[in-house]
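Chemist: The residues making up each chain are set out below.
Protein chains: 2
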Amino acid sequence: MTADLIVTNATLVTADAAGTVLHGAALAVEGGRIVRIGSAGEIGTAARDVHDIGGAILMPGLINTHCHAADSLFRGLVEDLALEPWLQTVWKAEGAILTPQTVRLGAALGLAELLLGGVTSVMDMFWYPRQTALAGIELGMRVATGGIFIDGPGVDGGSPEQRIADATAFFDEFGGHELILPGTFPHGTYTVAPESMRTSRDLADRHDALWSTHAAETRAEVADISARYGRSVIRHLDQLGLLDTRTVLAHCVWIDDEEIAILARSGASVAHNPVSNLKLASGIARIPAMLAAGVRVTLGTDGAISGNDLDMWLALRLAATLHKGFTLQADAVTTGQALKMVTQAGADALGVGDRLGSLEPGKLADMIVIDIDRPHAVPMFDPLTHIIYSCTKSDVRDVYVGGRQVVRNRELTGIDLGGVLKEVSALAPSIARSIAG
Amino acid sequence: MTADLIVTNATLVTADAAGTVLHGAALAVEGGRIVRIGSAGEIGTAARDVHDIGGAILMPGLINTHCHAADSLFRGLVEDLALEPWLQTVWKAEGAILTPQTVRLGAALGLAELLLGGVTSVMDMFWYPRQTALAGIELGMRVATGGIFIDGPGVDGGSPEQRIADATAFFDEFGGHELILPGTFPHGTYTVAPESMRTSRDLADRHDALWSTHAAETRAEVADISARYGRSVIRHLDQLGLLDTRTVLAHCVWIDDEEIAILARSGASVAHNPVSNLKLASGIARIPAMLAAGVRVTLGTDGAISGNDLDMWLALRLAATLHKGFTLQADAVTTGQALKMVTQAGADALGVGDRLGSLEPGKLADMIVIDIDRPHAVPMFDPLTHIIYSCTKSDVRDVYVGGRQVVRNRELTGIDLGGVLKEVSALAPSIARSIAG
Numbered sequence: 000m001t002a003d004l005i006v007t008n009a010t011l012v013t014a015d016a017a018g019t020v021l022h023g024a025a026l027a028v029e030g031g032r033i034v035r036i037g038s039a040g041e042i043g044t045a046a047r048d049v050h051d052i053g054g055a056i057l058m059p060g061l062i063n064t065h066c067h068a069a070d071s072l073f074r075g076l077v078e079d080l081a082l083e084p085w086l087q088t089v090w091k092a093e094g095a096i097l098t099p100q101t102v103r104l105g106a107a108l109g110l111a112e113l114l115l116g117g118v119t120s121v122m123d124m125f126w127y128p129r130q131t132a133l134a135g136i137e138l139g140m141r142v143a144t145g146g147i148f149i150d151g152p153g154v155d156g157g158s159p160e161q162r163i164a165d166a167t168a169f170f171d172e173f174g175g176h177e178l179i180l181p182g183t184f185p186h187g188t189y190t191v192a193p194e195s196m197r198t199s200r201d202l203a204d205r206h207d208a209l210w211s212t213h214a215a216e217t218r219a220e221v222a223d224i225s226a227r228y229g230r231s232v233i234r235h236l237d238q239l240g241l242l243d244t245r246t247v248l249a250h251c252v253w254i255d256d257e258e259i260a261i262l263a264r265s266g267a268s269v270a271h272n273p274v275s276n277l278k279l280a281s282g283i284a285r286i287p288a289m290l291a292a293g294v295r296v297t298l299g300t301d302g303a304i305s306g307n308d309l310d311m312w313l314a315l316r317l318a319a320t321l322h323k324g325f326t327l328q329a330d331a332v333t334t335g336q337a338l339k340m341v342t343q344a345g346a347d348a349l350g351v352g353d354r355l356g357s358l359e360p361g362k363l364a365d366m367i368v369i370d371i372d373r374p375h376a377v378p379m380f381d382p383l384t385h386i387i388y389s390c391t392k393s394d395v396r397d398v399y400v401g402g403r404q405v406v407r408n409r410e411l412t413g414i415d416l417g418g419v420l421k422e423v424s425a426l427a428p429s430i431a432r433s434i435a436g
Numbered sequence: 000m001t002a003d004l005i006v007t008n009a010t011l012v013t014a015d016a017a018g019t020v021l022h023g024a025a026l027a028v029e030g031g032r033i034v035r036i037g038s039a040g041e042i043g044t045a046a047r048d049v050h051d052i053g054g055a056i057l058m059p060g061l062i063n064t065h066c067h068a069a070d071s072l073f074r075g076l077v078e079d080l081a082l083e084p085w086l087q088t089v090w091k092a093e094g095a096i097l098t099p100q101t102v103r104l105g106a107a108l109g110l111a112e113l114l115l116g117g118v119t120s121v122m123d124m125f126w127y128p129r130q131t132a133l134a135g136i137e138l139g140m141r142v143a144t145g146g147i148f149i150d151g152p153g154v155d156g157g158s159p160e161q162r163i164a165d166a167t168a169f170f171d172e173f174g175g176h177e178l179i180l181p182g183t184f185p186h187g188t189y190t191v192a193p194e195s196m197r198t199s200r201d202l203a204d205r206h207d208a209l210w211s212t213h214a215a216e217t218r219a220e221v222a223d224i225s226a227r228y229g230r231s232v233i234r235h236l237d238q239l240g241l242l243d244t245r246t247v248l249a250h251c252v253w254i255d256d257e258e259i260a261i262l263a264r265s266g267a268s269v270a271h272n273p274v275s276n277l278k279l280a281s282g283i284a285r286i287p288a289m290l291a292a293g294v295r296v297t298l299g300t301d302g303a304i305s306g307n308d309l310d311m312w313l314a315l316r317l318a319a320t321l322h323k324g325f326t327l328q329a330d331a332v333t334t335g336q337a338l339k340m341v342t343q344a345g346a347d348a349l350g351v352g353d354r355l356g357s358l359e360p361g362k363l364a365d366m367i368v369i370d371i372d373r374p375h376a377v378p379m380f381d382p383l384t385h386i387i388y389s390c391t392k393s394d395v396r397d398v399y400v401g402g403r404q405v406v407r408n409r410e411l412t413g414i415d416l417g418g419v420l421k422e423v424s425a426l427a428p429s430i431a432r433s434i435a436g
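Here the protein sequences come in this chain order: F and D. Going by numbering that gives the first Met the number 0, the first sequence runs without a break in its numbering and finishes at 436. Going by numbering that gives the first Met the number 0, the second sequence runs without a break in its numbering and finishes at 436.
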């Protein structure tokens, strides 16, 4: 029996429900799926390609459930402002710069950073989502994205009818693509009226698809929504019938116990974005309380304009440590809970938990190789602890999506990254000018 | 006029008081000191060595004011416990494993990680400090360390008389060494009686030297000291006459407004350790209040047994963002304030602010080169923003201490790192056994 690929001599962190870790292990891939896992001896080397990773960690690719990849064009442009004034300046820059062409460039930049850092699936919300999908396909990574909904003309000047048409066209174009998970993406309750929220949701439902929005990111947003609708953000979404297992809510920083219970009951997922929430002074989400209540917590980088990078390892480290320091509980979030956020819970939130999120026979071979020959990786008593508390994105050596190698020894196989960086640098002066004066 | 070294084609972040940044700049070094700074054209290339860094960032080496480098031997060994129970287990492992030989090995491991990450000066507190000093000298980095003081026999079995003799011997051996800044290091008010605190201080004073201790790290510690002495930790230290410009206090998480005023008045420095404080659930230090009051705030990694690495860039990122999220103020700590913590303020805390902490003519050439050809570094609107919010330790390409290159293209020039990693890995099974059962 000849496999397409065998990765052998691995410290295999499966991220399965039992937390299985295998030393001296190997994994065989056929048709993009994992077909066998076992000791290196059991699995052997009968494959078209055999990659001996020399004892390095092999684990599932990370899943990022909230991002605006193309916003990397504006990294570091607007600093030290709170969300609301920050957003006004960001929208000014976006309005001046963004076209389908520049979004494609920005998406290539952002997705390249993610993929090099071991993120194999990302949920992305941005203008001209078709461009981000195409950039993802070119890189060979999975992207959950689709039509955005916002009141008013927005950066792309779209009318309400055009938005529905665009979102529908996205489903038509990418519905069957192996790398694209289509959905609809209304911006947030403070920028999208209830009717439009429902329209976006109905469209997603008709396609059996994902639906994601920003929710309860700042105190000001909650005050705004409460004043407008007489109920807080989560209650408002619940009232509109928008919370179920297909829902991914980004942030959820300002929610009370009852709202946590609503989220748990509904099966909606939360995308926690600690890097962005700290930088923008939005606050610290009540993650331990959500976990205790049974809410599905996943992890996002948010965009590099708030971040200022797309570093899932930093998000992971913060998810595991920030809440310990904030609640004064040393086990507020455990290593197992943190790992789950970026693996199985992320896959479940994207509706593909049966195919992604762990390394197990039958699942797609989305997986990453982590170098362990760095001074910060030695000694290693527990690979899991190492992943959560010591790893950085620069430790990611190889990345596979569906068994196809898309990063080889820290280099992308799909695109000319140097060319992208040059194009972005050439655009930078116009970007700087866009917010001047 | 021929210099020893010219680094040219630099984006020069001087970290001087005015925040000067020069593009297309160069810097000349003679006798280990910076002698000229200017445009690449002005400085020319008349030097024994000319390093063209291709537009990369050149900035001062980072200064880490609180570390236990050799504790890297125990990285990831004890997890998800609060400080007090954690410390009991740590001390058990240390007691079983530490000898002068293993401390030398652990110090080489920890200091190598720091130096590769751009830390050129570190204040380190650990058993057998002579070994850490020797490891630092071998690597070519600056280490502030010296005799430790603790009640009881400690890991090294020292008597009170022996501790004084050891600390004195350290001053004698390293007093004039260009790379070593000697001092005395009592562990903390909860482990060192007032008389011994004073003894350690008198010894430091006689040598015109540094004095550093842990202070107000946890609520439990403050309660303990208040119960024993009828006053909180900072007031206790103040009452004992231990606070002045030579004092560096690690942590200071649990202090009130009056204690902040005492610190500001005394000129003592605080070593903020956000990575460790979060992981050990110690809490979040009131850094914005300290800065507002004029307290000198510096930055530390703490040890890798709490961290779990020695990543000054993570500490820097957290110093700049954690307090924004915690206080809900988007300018709670500015980029300029954050940069100062790891440069000039760090140098001032170590008593060498006239020689280190910025790149200016007359100062020692402790400097690092930061790659900017990574996806997370493009575009770059402001090098300072980039340093604080996007850089990671893996972006550090070259490191110079006193003009001597100690890291060249991410490789140490002073020691065989592979050999150190192998030795540590060989010791790991004994370390794991030391806390079993």
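Hints listed in this document are in silico derivations from the structure and should not be mistaken for laboratory results. Some clues are possibly wrong.
As the list claims (entries may be wrong) - According to the in silico footprint, chain D covers these stretches of chain F (three or more CB under 8 Å from chain D):
{"#": "1", "stretch": "1-12"}
{"#": "2", "stretch": "218-224"}
To be verified - With the Cβ distance kept under 7 Å, some of the chain F side facing chain D (calculated, not the full set):
{"#": "3", "residue": "Gly75"}
{"#": "4", "residue": "Ala164"}
{"#": "5", "residue": "Thr167"}
{"#": "6", "residue": "Asp171"}
{"#": "7", "residue": "Gly324"}
{"#": "8", "residue": "Asp330"}
{"#": "9", "residue": "Phe380"}
{"#": "10", "residue": "Ser429"}
{"#": "11", "residue": "Arg432"}
{"#": "12", "residue": "Ser433"}
All figures in this text were calculated on a predicted structure; none of them were measured in a lab. Cβ coordinates follow ideal geometry from the N, Cα and C atoms, glycine included.
Chemist: Close enough to count: is the Cβ of Asp171(F) nearer than 7 Å to one in chain D?
Modeler: violated, 31 Å
Chemist: Taking 7 Å as the limit, does the beta-carbon of Ala164(F) come near enough to a beta-carbon in chain D?
Modeler: violated, 33 Å
Chemist: Tell me if Thr167(F) is really an interface residue toward chain D, meaning its C-beta lies closer than 7 Å to one of theirs.
Modeler: violated, 33 Å
Chemist: Is the coverage entry for the stretch 1-12 of chain F by chain D consistent with the three-residue Cβ rule at 8 Å?
Modeler: The restraint on the stretch 1-12 of chain F is violated, since only 0 of its residues have a Cβ under 8 Å from chain D and three are required.
Chemist: Three or more residues of the stretch 218-224 of chain F near chain D by CB distance under 8 Å?
Modeler: violated (count 1)
Chemist: Can we keep the Gly75(F) interface hint, with Cβ of chain D closer than 7 Å?
Modeler: Holds: closest Cβ of chain D sits about 4 Å from Gly75(F), inside 7 Å.
Chemist: For the restraint on Asp330(F), tell me whether the closest CB of chain D is nearer than 7 Å.
Modeler: Hint holds; Asp330(F) Cβ to chain D Cβ min 5 Å, cut 7 Å.
Chemist: Mind checking the CB of Gly324(F) against every CB in chain D and telling me if the closest is under 7 Å?
Modeler: Holds. Min distance 3 Å.
Chemist: Closer than 7 Å between Cβ atoms is the bar; does Ser429(F) clear it against chain D? Give me holds or violated.
Modeler: For Ser429(F), the interface hint is violated, since the closest Cβ of chain D sits about 10 Å away, which is over 7 Å.
Chemist: Hold the hint about Phe380(F) up to the distance rule: shortest CB distance to chain D must be less than 7 Å.
Modeler: holds, 5 Å
Chemist: Going by Cβ atoms only, is Arg432(F) closer than 7 Å to chain D?
Modeler: With a minimum Cβ separation of about 11 Å from chain D (threshold 7 Å), the hint on Arg432(F) is violated.
Chemist: Min Cβ distance, Ser433(F) to chain D: is it shorter than 7 Å?
Modeler: violated, 11 Å
In this structure, the earlier hints numbered 1, 2, 4, 5, 6, 10, 11, 12 are contradicted, and the remaining ones agree with it.
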